[in-house]
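Asks: Protein chains in written order, with my numbering: chain L, 1 to 222; chain B, 1001 to 1062; chain Z, 2001 to 2248.
It should be emphasised that the hints constitute simulated quantities derived from the structure, not laboratory data. Certain hints may be false.
[What the hints assert, rightly or not] Derived CB-CB ranges, DEER-like: (1) B:R1058 - Z:A2085: 39 to 47 Å; (2) Z:F2086 - L:L112: 41 to 49 Å; (3) Z:L2036 - L:R70: 54 to 62 Å; (4) Z:L2203 - B:I1030: 18 to 26 Å; (5) B:G1017 - L:G188: 20 to 28 Å; (6) Z:A2037 - B:R1048: 34 to 42 Å; (7) L:A73 - Z:T2201: 54 to 62 Å; (8) B:R1058 - L:A21: 53 to 61 Å; (9) L:I32 - Z:L2019: 16 to 24 Å; (10) Z:A2037 - L:F29: 29 to 37 Å; (11) L:F29 - B:L1011: 36 to 44 Å; (12) L:P45 - Z:L2203: 48 to 56 Å; (13) Z:P2173 - B:G1017: 50 to 58 Å; (14) B:A1012 - Z:P2173: 40 to 48 Å.
We treat Cβ as the ideally placed atom computed from N, Cα and C, and that holds for glycine.
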Amino acid sequence: MLKIVTAVIGRDLKLAMRRQADIVSALFFFIIVVSLFPLGVGPEPDLLRKLAPGVLWVAALLATMLSLPRLFADDHRDGTLEQLALAPHPLGLVVTGKVIAHWLVSGLPLALIAPVLGIQFDLSADALLVLTGAILLGTPALSGIGAIGAALTLGLRGGGVLLSLLVLPLYIPVLIFGAGAVDATVTGLGGEGHLSLLAALTFASLGFAPWASAAALKIALE
Amino acid sequence: MIYWNSLSDFLAMGGYGFYVWGSFGVTVLIMALEPIMAARTQKLTIARLKRQLRAENRNTAE
Amino acid sequence: MKDRFNLYRYASPATFYPLAGRMIPYFAALSVLFGLAGLYLGMLVAPTDFQQGEGYRIIFIHVPASWMSMFIYLVMAFWAAIGLAFNTRLSGMMAQALAPTGALMAFLSLWTGALWGKPMWGAWWVWDARLTSELILLFLYIGFMALTAAIDDPKRADKAGGLLLLVGVVNVPIIYFSVKWWNTLHQGSSVNLTKSSMAQTMLWGMLLMALCFWMYSIAVALLRARTIMLERERHTDWVKAELAGVER
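Start from the sequences and build out the full structure, keeping to the hints where you can.
Replies: Next up, the structure:
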């Protein structure tokens, strides 16, 4: 079972490495969006500290959205997806592997770059740590939920916009707890409660979303 | 039985007239328009399907 | 056994179409009747609310609209579950017929909520947990309609839409509680739209209005379902017979 998942992860990572430009563009999208906010609202450190959790998280949501349409589209185009769907092992496991691979190339880089961007917003060391932890914990849920949307909109015209319409409302709990954790640290309340809820969301969506995505893929391939 | 003393009292809604009638007006408007639109769609659909059916029958008759 | 047989019989569009056609006038009449009674009680008889003044009368449509917007989503998810489990044609059509009405109810709930909020809270929009959840519900409706509209094959549209509804219905409570939690953390307004200390006549007025909205939703959804049925089954014999019959 684990073998299938790791095999899919390895394959998807190899494919992603051949298209590093995509990963880098999503990362720069994140950096640019975050850097635009101080220019829009002004450079007062107090205001920026208050805005930082929300801005960083909303930008992270949008940045993960960017690569979602590609999650199944390439495999669909060259017929690999149909092969995988016909294979004897459950499609849910394959999707689990793809979700993890997607997180490794989209969520993980965001978490690594986020503290640097947090400095722009004058966040304290504690808050930066919690911010990194929250993005590490929360982005797998984004990849998981996003996979459902990507599977539902597979091969549809206007798929990218439609995908964001379907997925962004479902991202709201992650946004609330993710930004809440950082916010609670900034205000000195402690973000542990938020972080554990965020972890719960991630585990629930990683357990549930691949199977829902697999069902959606089967509908799309029929 | 009736709570209001006069029609103007009723229309003024104790100073909340704009808000109350704004709510009720839009609700009535939507609840009147939605069935009308749905009925219109149905009528148009039936007319279109009938036309298609007639065209099909003509083709098979020839 | 016999009961089950009947259920399957009515689940077929050919029998459901005329049945729905006969039922629509009754639901429409009931809706008007309940509506008139509810408006009479709520707008003419009910006394004023000592705290909110006459502005409280907005809740006679706000609360039923909010209830219906949530209830319709649940009903759609119910049809979606049946459709995915038993592969019935009718369920997808019902879900699609209900969606626009549900979205309009969510919109009405937001509209009346804003008009209620302006005099009571002093702002058209407050990030209150319930208003925010209602807004997200509207987004979910729009997502469902956009997805089903983007898929040309009706069978795939039904199934994909159904799956989205099930995912949505699992998420609705999570979204609601997270929004509520967020709201209490940020100390949002705590004024309640509904008061438990309502006068008897107010309660009756609201119940009647809720029934009116309910009957209305059924009538409109059936009307729309009939159109969808004709469109989808246009190559079947019963639709051809139906169209020929209408022509007569």
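Asks: So, for every hint listed, does it hold in this structure?
Replies: Outcome of the hint check:
Checked against the hint of 39 to 47 Å, the pair R1058 (chain B) and A2085 (chain Z) passes, with Cβ atoms roughly 43 Å apart. A hinted range of 41 to 49 Å holds for the C-beta pair F2086 (chain Z) and L112 (chain L), which are about 48 Å apart. For L2036 (chain Z) paired with R70 (chain L), a C-beta distance near 56 Å keeps the hint of 54 to 62 Å intact. For the pair L2203 (chain Z) and I1030 (chain B), the beta carbons lie near 25 Å from each other, so the given range of 18 to 26 Å is met.
In this structure the hint that G1017 (chain B) and G188 (chain L) lie 20 to 28 Å apart at CB is violated, the actual value being about 48 Å. For A2037 (chain Z) and R1048 (chain B), the hinted distance range of 34 to 42 Å is satisfied, since their beta carbons lie about 40 Å from each other. The beta-carbon spacing between A73 (chain L) and T2201 (chain Z), approximately 59 Å, falls within the hinted interval of 54 to 62 Å. The hinted window of 53 to 61 Å between R1058 (chain B) and A21 (chain L) holds, with their beta carbons roughly 57 Å apart.
At roughly 58 Å, the beta carbons of I32 (chain L) and L2019 (chain Z) sit outside the given window of 16 to 24 Å. For the pair A2037 (chain Z) and F29 (chain L), the supplied restraint of 29 to 37 Å is violated, since their beta-carbon distance comes to about 57 Å. One distance hint, 36 to 44 Å for the beta-carbon pair F29 (chain L) and L1011 (chain B), is violated here, with the actual separation near 55 Å. For P45 (chain L) paired with L2203 (chain Z), a C-beta distance near 53 Å keeps the hint of 48 to 56 Å intact.
For P2173 (chain Z) and G1017 (chain B), the hinted distance range of 50 to 58 Å is not satisfied, since their beta carbons lie about 38 Å from each other. Between A1012 (chain B) and P2173 (chain Z) the beta carbon distance is about 42 Å. The supplied range of 40 to 48 Å therefore holds.
Hints 5, 9, 10, 11, 13 from the list above are not met by this structure, while the remaining hints are.
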